[in-house]
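Number of protein chains: 2
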Amino acid sequence: MKLLEDRILRDGLVMEGDVLKVDGFLNHQMDVILLEEMGKEFLRLYNDCGVNKILTIEASGIGIACFTAQAFGCPLVFAKKSKTRNIAGDVYSVDVVSYTHGNVSHVIVSRNYLLPTDRVLIVDDFLANGAALGGLIELCGQAGATVVGAGIAIEKAYQPGGKLIRDRGIRVESLARVAAMDPVSGVTFC
Amino acid sequence: MKLLEDRILRDGLVMEGDVLKVDGFLNHQMDVILLEEMGKEFLRLYNDCGVNKILTIEASGIGIACFTAQAFGCPLVFAKKSKTRNIAGDVYSVDVVSYTHGNVSHVIVSRNYLLPTDRVLIVDDFLANGAALGGLIELCGQAGATVVGAGIAIEKAYQPGGKLIRDRGIRVESLARVAAMDPVSGVTFC
Chain A
1 MKLLEDRILR
11 DGLVMEGDVL
21 KVDGFLNHQM
31 DVILLEEMGK
41 EFLRLYNDCG
51 VNKILTIEAS
61 GIGIACFTAQ
71 AFGCPLVFAK
81 KSKTRNIAGD
91 VYSVDVVSYT
101 HGNVSHVIVS
111 RNYLLPTDRV
121 LIVDDFLANG
131 AALGGLIELC
141 GQAGATVVGA
151 GIAIEKAYQP
161 GGKLIRDRGI
171 RVESLARVAA
181 MDPVSGVTFC
Chain B
191 MKLLEDRILR
201 DGLVMEGDVL
211 KVDGFLNHQM
221 DVILLEEMGK
231 EFLRLYNDCG
241 VNKILTIEAS
251 GIGIACFTAQ
261 AFGCPLVFAK
271 KSKTRNIAGD
281 VYSVDVVSYT
291 HGNVSHVIVS
301 RNYLLPTDRV
311 LIVDDFLANG
321 AALGGLIELC
331 GQAGATVVGA
341 GIAIEKAYQP
351 GGKLIRDRGI
361 RVESLARVAA
371 MDPVSGVTFC
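Taken in order, these protein sequences are the chains called A and B.
To convert, note that position 22 of the first sequence is 22 in this note's numbering; the numbers rise steadily by one, no gaps.
So this note's numbering is basically just the index in the second sequence, starting at one, shifted up by 190.
If you are wondering where the hints come from, they were derived from the structure by calculation, not from laboratory data.
The reader is advised that the hints may include incorrect statements.
[Claimed, not checked] Below, a list of computed lysine-lysine pairs in the BS3-like style, where the Cα atoms sit at most 25 Å apart:
1) Lys-271/B to Lys-211/B
2) Lys-211/B to Lys-81/A
3) Lys-271/B to Lys-81/A
4) Lys-2/A to Lys-163/A
5) Lys-21/A to Lys-163/A
6) Lys-40/A to Lys-21/A
7) Lys-192/B to Lys-211/B
8) Lys-353/B to Lys-211/B
9) Lys-192/B to Lys-230/B
10) Lys-81/A to Lys-21/A
11) Lys-230/B to Lys-40/A
12) Lys-271/B to Lys-21/A
Work out the full structure: start from the sequences and follow the hints.
Okay, structure coming up:
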């Protein structure tokens with residue numbers, strides 16, 4: 001998606017430690033005009049797939065998921081990162097390892113809001129190792145819901161997550177696929 | 191706002207421990223049609239106030255903030271709850287006590303995204319003791335930004351937060367003000 005790629009080139013910042021800082025428009029301050037366009041692009045890509053629910057994970061996926069849900073005219077659900085494992089039994093849950101933060105999150109979704117009849121589009125801001133996306137797919141599996149596919153803002157295509165998920169037969173559409181990046185030469189896209 | 195009050199009466203659930211469960215439409219699963227209408231209502235209330243930024247706190251405020259920002263045609267920023275206090279010095283920060291969760295969050299906003307020229311509408315899903323809202327006001331103060339007011343989905347009007355903030359001369363508009371609630375008789379509004 002040229003609009004997003006151009007914005008990354010203009011306002012993104014490559015930091016040491018394989019970090020692409022896009023917090024001026026995507027995941028701290030949010031440019032809602034851009035997010036609206038991203039939502040419409042996911043609708044274009046997944047139109048006629050019967051999507052009736054958008055699923056994301058807190059916190060930085062919520063903005064994109066809101067405007068994707070608006071484009072599809074369906075509700076969204078965000079999975080919560082729980083500090084305590086000892087929670088009421090009315091949730092689906094999975095442990096997700098964050099490579100960025102070096103910790104494990106216990107991620108939950110209420111059983112009321114993920115149903116066997118749901119056709120789910122999973123949305124998130126980044127795809128790198130695929131840990132978060134894999135966790136959300138697992139939650140859908142526990143619910144018996146159908147994963148129509150994933151809509152990712154920025155995929156680090158040089159990391160294994162995208163291939164791992166696609167090799168499982170799950171459709172993944174990323175609006176910007178980073179081929180390589182470093183603090184000196186910046187970002188190049190696939 | 192009748193639309194929100196009716197929805198709370200229909201789908202909200204009063205639990206033991208002063209908890210109003212609205213996670214089917216507001217803060218876990220989100221009804222984007224409702225959130226859009228809430229954003230438009232905040233625009234109606236704060237039109238002509240020169241609002242150029244929406245500020246909220248992760249995670250459950252983000253959805254409302256997204257559609258409020260869309261209504262105002264301005265960006266939003268969500269304050270982050272940081273696990274570590276030892277963070278880079280380019281943030282404003284404040285400690286917020288959560289009465290619900292019984293813990294203290296270190297809440298931060300990047301200095302880049304809260305400016306002395308900003309006229310900020312603070313948005314959140316709940317106002318009870320006013321701890322989170324007070325923290326967000328404090329962050330605006332650190333930045334020298336102007337707080338135009340607060341837009342709250344649900345105010346527990348029998349708790350002290352709303353009066354505390356209004357007594358400081360800050361405008362607070364709540365779309366649903368709960369006068370009383372309990373698991374047997376349900377919710378009554380002001």
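Verification of the supplied hints:
For the hint pairing Lys-271/B with Lys-211/B, the CA-to-CA distance comes to about 22 Å; that is within 25 Å, so the pair holds. Annotation: proposed proximity of Lys-211/B to Lys-81/A holds, straight-line Cα distance about 18 Å (limit 25 Å). Simply put, Lys-271/B and Lys-81/A have alpha-carbon atoms about 12 Å apart, close enough for the 25 Å limit, and the pair holds. A hinted pair counts as satisfied when its Cα atoms are at most 25 Å apart, and Lys-2/A with Lys-163/A qualifies at roughly 22 Å.
The hinted pair formed by Lys-21/A and Lys-163/A meets the criterion: a straight-line CA distance of about 23 Å does not exceed 25 Å. Taking the CA atoms of Lys-40/A and Lys-21/A, the gap is about 24 Å. The hint holds against a cut of 25 Å. About 18 Å separates the Cα atoms of Lys-192/B and Lys-211/B, which keeps this hinted pair within 25 Å; it holds. For a cut-off of 25 Å, the pair hint linking Lys-353/B to Lys-211/B stands: about 23 Å separates their Cα positions.
Note on Lys-192/B and Lys-230/B: the hinted pairing holds, with a Cα-Cα distance of about 14 Å set against a maximum of 25 Å. Between Lys-81/A and Lys-21/A, the direct Cα distance comes to roughly 22 Å. Compliance with the 25 Å bound is thereby established for this hinted pair. For the hint pairing Lys-230/B with Lys-40/A, the CA-to-CA distance comes to about 21 Å; that is within 25 Å, so the pair holds. Distance restraint check for Lys-271/B and Lys-21/A: the Cα-Cα separation of roughly 18 Å lies within the 25 Å cut-off, and the hinted pair is therefore satisfied.
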